[in-house]
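Student: Okay, here's what each chain looks like letter by letter:
2 protein chains.
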Amino acid sequence: MATKTLAVWAINLDFDSLPASVVEAAARSFHNWAGCAVGGSAHPATAIARKTLATFAGSPTSSMLGSPDKTDAQTAALVNGISSHVYDYDDTHLATVIHPAGPVASALLAAAQMQNVAPVSGEDFIVGLVAGIEAACKVGLAVYPDHYDAGWHITGTAGSIGAAVAVAKLLKLDVQPMQWAIGIAATQVTGLREQFGSMTKSFHPGRAAQNGLLAAMLASNGYDSSLASLEAKRGWASVVSASHKLETVLHALGHTWETEQNTFKPFPCGIVIHPAIDGAIQIHNETKHQDLDAVNIHSVQLSVHPLVLELTGKRNPRTGLEAKFSVYHGAAVGLLFGRAGLAQFADDVATHPTVVHLRDKVRATPDASLRSDEARVRVDFGSGAVSEKHVRHAVGSLEVPMTNEQLEAKFVEQCAPVLGDEGARNASRVCWSLKDANDVGVIAEALH
Amino acid sequence: MATKTLAVWAINLDFDSLPASVVEAAARSFHNWAGCAVGGSAHPATAIARKTLATFAGSPTSSMLGSPDKTDAQTAALVNGISSHVYDYDDTHLATVIHPAGPVASALLAAAQMQNVAPVSGEDFIVGLVAGIEAACKVGLAVYPDHYDAGWHITGTAGSIGAAVAVAKLLKLDVQPMQWAIGIAATQVTGLREQFGSMTKSFHPGRAAQNGLLAAMLASNGYDSSLASLEAKRGWASVVSASHKLETVLHALGHTWETEQNTFKPFPCGIVIHPAIDGAIQIHNETKHQDLDAVNIHSVQLSVHPLVLELTGKRNPRTGLEAKFSVYHGAAVGLLFGRAGLAQFADDVATHPTVVHLRDKVRATPDASLRSDEARVRVDFGSGAVSEKHVRHAVGSLEVPMTNEQLEAKFVEQCAPVLGDEGARNASRVCWSLKDANDVGVIAEALH
Numbered sequence: 001m002a003t004k005t006l007a008v009w010a011i012n013l014d015f016d017s018l019p020a021s022v023v024e025a026a027a028r029s030f031h032n033w034a035g036c037a038v039g040g041s042a043h044p045a046t047a048i049a050r051k052t053l054a055t056f057a058g059s060p061t062s063s064m065l066g067s068p069d070k071t072d073a074q075t076a077a078l079v080n081g082i083s084s085h086v087y088d089y090d091d092t093h094l095a096t097v098i099h100p101a102g103p104v105a106s107a108l109l110a111a112a113q114m115q116n117v118a119p120v121s122g123e124d125f126i127v128g129l130v131a132g133i134e135a136a137c138k139v140g141l142a143v144y145p146d147h148y149d150a151g152w153h154i155t156g157t158a159g160s161i162g163a164a165v166a167v168a169k170l171l172k173l174d175v176q177p178m179q180w181a182i183g184i185a186a187t188q189v190t191g192l193r194e195q196f197g198s199m200t201k202s203f204h205p206g207r208a209a210q211n212g213l214l215a216a217m218l219a220s221n222g223y224d225s226s227l228a229s230l231e232a233k234r235g236w237a238s239v240v241s242a243s244h245k246l247e248t249v250l251h252a253l254g255h256t257w258e259t260e261q262n263t264f265k266p267f268p269c270g271i272v273i274h275p276a277i278d279g280a281i282q283i284h285n286e287t288k289h290q291d292l293d294a295v296n297i298h299s300v301q302l303s304v305h306p307l308v309l310e311l312t313g314k315r316n317p318r319t320g321l322e323a324k325f326s327v328y329h330g331a332a333v334g335l336l337f338g339r340a341g342l343a344q345f346a347d348d349v350a351t352h353p354t355v356v357h358l359r360d361k362v363r364a365t366p367d368a369s370l371r372s373d374e375a376r377v378r379v380d381f382g383s384g385a386v387s388e389k390h391v392r393h394a395v396g397s398l399e400v401p402m403t404n405e406q407l408e409a410k411f412v413e414q415c416a417p418v419l420g421d422e423g424a425r426n427a428s429r430v431c432w433s434l435k436d437a438n439d440v441g442v443i444a445e446a447l448h
Numbered sequence: 001m002a003t004k005t006l007a008v009w010a011i012n013l014d015f016d017s018l019p020a021s022v023v024e025a026a027a028r029s030f031h032n033w034a035g036c037a038v039g040g041s042a043h044p045a046t047a048i049a050r051k052t053l054a055t056f057a058g059s060p061t062s063s064m065l066g067s068p069d070k071t072d073a074q075t076a077a078l079v080n081g082i083s084s085h086v087y088d089y090d091d092t093h094l095a096t097v098i099h100p101a102g103p104v105a106s107a108l109l110a111a112a113q114m115q116n117v118a119p120v121s122g123e124d125f126i127v128g129l130v131a132g133i134e135a136a137c138k139v140g141l142a143v144y145p146d147h148y149d150a151g152w153h154i155t156g157t158a159g160s161i162g163a164a165v166a167v168a169k170l171l172k173l174d175v176q177p178m179q180w181a182i183g184i185a186a187t188q189v190t191g192l193r194e195q196f197g198s199m200t201k202s203f204h205p206g207r208a209a210q211n212g213l214l215a216a217m218l219a220s221n222g223y224d225s226s227l228a229s230l231e232a233k234r235g236w237a238s239v240v241s242a243s244h245k246l247e248t249v250l251h252a253l254g255h256t257w258e259t260e261q262n263t264f265k266p267f268p269c270g271i272v273i274h275p276a277i278d279g280a281i282q283i284h285n286e287t288k289h290q291d292l293d294a295v296n297i298h299s300v301q302l303s304v305h306p307l308v309l310e311l312t313g314k315r316n317p318r319t320g321l322e323a324k325f326s327v328y329h330g331a332a333v334g335l336l337f338g339r340a341g342l343a344q345f346a347d348d349v350a351t352h353p354t355v356v357h358l359r360d361k362v363r364a365t366p367d368a369s370l371r372s373d374e375a376r377v378r379v380d381f382g383s384g385a386v387s388e389k390h391v392r393h394a395v396g397s398l399e400v401p402m403t404n405e406q407l408e409a410k411f412v413e414q415c416a417p418v419l420g421d422e423g424a425r426n427a428s429r430v431c432w433s434l435k436d437a438n439d440v441g442v443i444a445e446a447l448h
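Line by line, the protein sequences are chains A and B. Its first residue numbered 1, the first sequence is counted upward by one per residue in UniProt numbering. Its first residue numbered 1, the second sequence is counted upward by one per residue in UniProt numbering.
Be aware that one or more of the hints could be misleading.
Here are a few chain A residues that face chain B, going by a calculated C-beta distance under 10 Å [what the hints assert, rightly or not]: (1) A49; (2) F56; (3) G183; (4) F196; (5) F337.
Taking lysine-lysine pairs in the DSSO-like style, the calculated list, with each CA pair at most 27 Å apart, reads [claimed, not checked]: (6) B/K314 to A/K51; (7) B/K4 to A/K314; (8) B/K314 to A/K4; (9) A/K233 to B/K314; (10) B/K51 to A/K172; (11) B/K51 to A/K51.
To be clear, the hints were calculated from the coordinates, so they are not data collected in a lab. As the structure is a prediction and not an experimental result, all values here were calculated from the model. Even for Gly, the Cβ is constructed at its ideal location relative to N, Cα and C.
Between the sequences and the hints, there should be enough to build the whole structure, so can you do that?
Tutor: What follows is the structure in structure tokens.
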């Protein structure tokens, strides 16, 4: 019944029944996603995808954020999914490590701009976004952690299903076609964790957006699939995970809201590094400038959740992309610069002698008694002085969420290189107006 | 090293080093695929896909077989992959149950018609086809049977990798981009066996063709992936299968040829039913007409490989599509009509009272001592007479392969409803000329 449960729930969802806190959380998710997608639009991975897809692209209905060009909805979904994730600066549903807006919003906005679908109101868009985020995160919860541990990039795999539900909701599909859409999405299991550290990691949310959009469109025209694609013996959950709890998790739909559990990264790197960076920045802010010189620091000792070293243990990152998977790099730039934004993960910072010098002095010890959003940072200065910080919950966690002002600053940091400072501030304002929009296409067109 | 081993082997492959028997086998695979793709072009699944994709389609470079319309290469790859598989009448690499031409030829022909790629000679096309079929079947062999037993439709999963290698070979990629193409394809794991019996089964080879084509195109423009996507700890083989033997299998590349092991279905249904149908047809041919009336048959007893009931045990198929997964239906129509072609798997035959009446008298017993291409068929007539057949190797097996004449008859059977009888015979001749073609696009354009 899991597939049908999800389909029926999504079909019955409407704006008026959404708690205000869920609407607000969805609006924050959209704003954060849009900033990331614009910010990532100039990245080589996005540029290569845009160039490659141009060969196949159809009538230009849908926006590629950060670019004045439109393209067909399939292509826009892939490109926006890639650009939203390429700096690892997007959102995180902590209980599953899914970055849900990448696949869901990328598919939804592209679909909302299609002929015969547009105009889509902000309220309808938010309903689709919530349906998709809930779908992705609930099915993700049902297979986490076995599925992730097996080596799947859950953002792509669960994200395909979320994207399908979002677009199917937008298209107002009935129960059976909604089940087909879920089935066609579920059969496209996209994303191996082996791709972390390469451009293909960002391909996952982009392809997931396409998977879901295509699934919903095919289903809307009568392309059928199994009606039990999620829960059948050889269905999605059993094939992709050693165990699952689909029935339990899906029965909580509408009672607990995963959209409210979505968090936003303050730093463009693996989220498990954030507590160490947070502690390093706190120490930077309390330390005299001259003491922060790399040569004046004797050693840096981190105590971190064991997953940190498994996911982000790169000792000698050679590129900005690799540096995102190095807790050593994160701590070093936090200490040196008092921040860890896009600039601190540029290629030339990853290989800068001063950064490398300090990075080599950082040691990290796994401590299973720590939560994944917790860390201890200890700096021994050559002078004999010692600074220590115990970060109980990193900034950007559920306990210490990014404020709307912090989200806005992050948006502008990302978008200013593409849109200019004024353009970035204006785009941020337009994105905040989502709920009241008569046509979300107008918002999309403001994002370049 | 597996990913690199595959890449280097594919790059070094050239037409002159191919054994003549491999070239002949590839030509037969192409001919069979083309007939299936034309024959499946009018099926509702293909029609829905064509209609849905038209919304997104780009410049029309590539043929949708059986249709006068061209479309962009991505769309053509999907549509041709669906239509080639939709009647379950395509090829089978028996050791893996992969239908390799669906994903590989669909991607390759679509790519070969692209601007900046066309014209592609028949020889270059055959080299790409062999590279792709070898890649799909070798990586399939490396994970079979665990991967298939886990619930994956191996035609889609291994087929994506085969399609990527085929197109990457056509694009003359170097080693590293070829590894990226393999990686981007490997990360798109498409195909759950739960979809068997629905239109989404045919979606798998189509999407696999797209996956591979997109992967090769992205890689050709510098989109990178892990260089060890197949063999890494969290790479394809380990994530999708409980065990694998990648190294061993890939070292046999060029020593053993899977293309020669490709077989062609004489009947448009699950291949494991073929021995039972073969026996039923033999009994039909030796029995007087009046005895073959359903009411005059007392019982039909089949002894079959255990997989037959697992895969094709549908007792009461309600549609032609479901009938393809019913060994009972296959035996019944073989006995009644002396053939089991497309006509015998039509919806109105699946529900015809005479067929249902006889089908209900068929019993099947699993016998683990039988090979999967072996069966015993015993018919007890009401008169007291008994006919028995022991089919040691079904027609279409490696031991009793389809002759070129049988392939031609099958081609014409499939294509005549679309192209007319004369057109079908002409199209068959054009497809047999593949090796000598200066531009395979000319062949594609003859197939409507």
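Student: CA of B/K51 to CA of A/K172, is that 27 Å or under?
Tutor: holds (19 Å)
Student: Next item in the hint list is A/F337. Is there a CB on chain B closer than 10 Å to its CB?
Tutor: For A/F337, the interface hint is violated, since the closest Cβ of chain B sits about 28 Å away, which is over 10 Å.
Student: Should the hint that A/F56 touches chain B count as held when the rule is a Cβ pair under 10 Å?
Tutor: holds (4 Å)
Student: Holds or violated: B/K51 with A/K51, Cα cutoff 27 Å?
Tutor: holds (26 Å)
Student: So, as I understand it, the hint says A/A49 touches chain B; can you test that by seeing if any CB pair is closer than 10 Å?
Tutor: For A/A49, the interface hint holds, since the closest Cβ of chain B sits about 7 Å away, which is under 10 Å.
Student: Closer than 10 Å between Cβ atoms is the bar; does A/F196 clear it against chain B? Give me holds or violated.
Tutor: holds (8 Å)
Student: At a threshold of 10 Å, is the proposed contact between A/G183 and chain B supported by beta-carbon distances?
Tutor: At about 6 Å, which falls below the 10 Å cut-off, the nearest Cβ of chain B leaves the hint on A/G183 intact, so it holds.
Student: Hint check: B/K4 vs A/K314, CA-CA at most 27 Å. Holds or violated?
Tutor: holds (23 Å)
Student: Measure nothing beyond the straight line between the CA atoms of B/K314 and A/K51; if it is 27 Å or shorter, mark the hint as holding.
Tutor: violated (48 Å)
Student: Holds or violated: B/K314 with A/K4, Cα cutoff 27 Å?
Tutor: holds (23 Å)
Student: Hinted pair, alpha-carbon criterion (27 Å max): A/K233, B/K314. Please report holds or violated.
Tutor: holds (16 Å)
Hints 5 and 6, counting from the list given before, are not met by this structure.
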